[in-house]
Amino acid sequence: MPWFKGWKVTRKDGNASGTTLLEALDCILPPTRPTDKPLRLPLQDVYKIGGIGTVPVGRVETGVLKPGMVVTFAPVNVTTEVKSVEMHHEALSEALPGDNVGFNVKNVSVKDVRRGNVAGDSKNDPPMEAAGFTAQVIILNHPGQISAGYAPVLDCHTAHIACKFAELKEKIDRRSGKKLEDGPKFLKSGDAAIVDMVPGKPMCVESFSDYPPLGKDDLSVFRTFTGAGKSACVESFSW
1 MPWFKGWKVT RKDGNASGTT LLEALDCILP PTRPTDKPLR LPLQDVYKIG
51 GIGTVPVGRV ETGVLKPGMV VTFAPVNVTT EVKSVEMHHE ALSEALPGDN
101 VGFNVKNVSV KDVRRGNVAG DSKNDPPMEA AGFTAQVIIL NHPGQISAGY
151 APVLDCHTAH IACKFAELKE KIDRRSGKKL EDGPKFLKSG DAAIVDMVPG
201 KPMCVESFSD YPPLGKDDLS VFRTFTGAGK SACVESFSW
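1 is the number of the first residue of the sequence shown in the numbering used here; add one for each residue after it.
Keep in mind that the hints were calculated from the coordinates and are not lab data. Ideal placement from N, C-alpha and C gives every residue a C-beta, glycine not left out. Hints are not guaranteed to be accurate.
Stated by the list, open to error - Simulated DEER-style distance windows between Cβ atoms:
| hint | residue 1 | residue 2 | range |
| --- | --- | --- | --- |
| 1 | 182 | 18 | 49 to 57 angstroms |
| 2 | 20 | 185 | 56 to 64 angstroms |
| 3 | 140 | 201 | 18 to 26 angstroms |
| 4 | 19 | 110 | 52 to 60 angstroms |
| 5 | 31 | 7 | 14 to 22 angstroms |
| 6 | 8 | 207 | 33 to 41 angstroms |
| 7 | 19 | 235 | 52 to 60 angstroms |
| 8 | 27 | 143 | 45 to 53 angstroms |
| 9 | 110 | 185 | 43 to 51 angstroms |
| 10 | 141 | 89 | 35 to 43 angstroms |
Let's have the full structure, built from the sequences with the hints guiding it.
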């Protein structure tokens, strides 16, 4: 194919070029793991294992999890020490972002923590329960109008909780983010808006700018996907 001259890519970390798909794959730079941020680990499940004890399971989103760390689970405000960390039945000295791990904790019942809780380092910006949060949302699929008081089910990390639209603050352009209207009376499919939301049950939510995996939301009603959003500002309870 005389027309094919290969491929080239220009980037800050150095330019690259080649002619094959394998060469292109080899030139992909792996993403940087956010190990410098405080620990955030949403729980996917919690098991009780005979002879070991309570073992929460989840994926490290930010930070590092190590045996001996003291962690706090939000929103239940349970603090305990990590006895061991395992991945694929192998003990780890540390777990990094992206690792799916199980970790044994001291003196915590399987009933004390559950799916949707978030583990964090007790000594470094521990996670907290959100009293409410401001979110930027896009309504993608809803048959009617949405007004204040509407309460879709929100899926944020592993949490699955109904959250109320307490206030529709402003309608915005879905592409540029520019304000279009203050205090809209309702929203409909295709609209983007800034809204204040209040969880119906205790929940841990983080600002998207600080912890992106814990600030992305999917909205649904009767298991039908309604919209998507991200949290911009979170008001936490003080313990």
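Status of each hint after checking the structure:
A beta carbon spacing of about 52 angstroms between residue 182 and residue 18 agrees with the range 49 to 57 angstroms that was offered as a hint. Taken as a hint, the range 56 to 64 angstroms holds for the pair residue 20 and residue 185, whose Cβ atoms sit roughly 57 angstroms apart. Evaluation of the 18 to 26 angstroms hint for residue 140 and residue 201 yields a pass: the beta carbon distance comes to about 25 angstroms. As the Cβ distance of residue 19 to residue 110 is approximately 56 angstroms, the hint placing it in 52 to 60 angstroms holds.
For residue 31 and residue 7, the Cβ-Cβ distance of about 21 angstroms falls inside the hinted range of 14 to 22 angstroms, so the restraint holds. For the pair residue 8 and residue 207, the beta carbons lie near 38 angstroms from each other, so the given range of 33 to 41 angstroms is met. Between residue 19 and residue 235 the beta carbons are some 54 angstroms apart, a value that agrees with the proposed interval 52 to 60 angstroms. The hint said 45 to 53 angstroms for the Cβ distance between residue 27 and residue 143, and at roughly 47 angstroms that hint holds.
The given range of 43 to 51 angstroms is respected by residue 110 and residue 185, whose C-beta atoms sit roughly 46 angstroms from each other. Evaluation of the 35 to 43 angstroms hint for residue 141 and residue 89 yields a pass: the beta carbon distance comes to about 42 angstroms.
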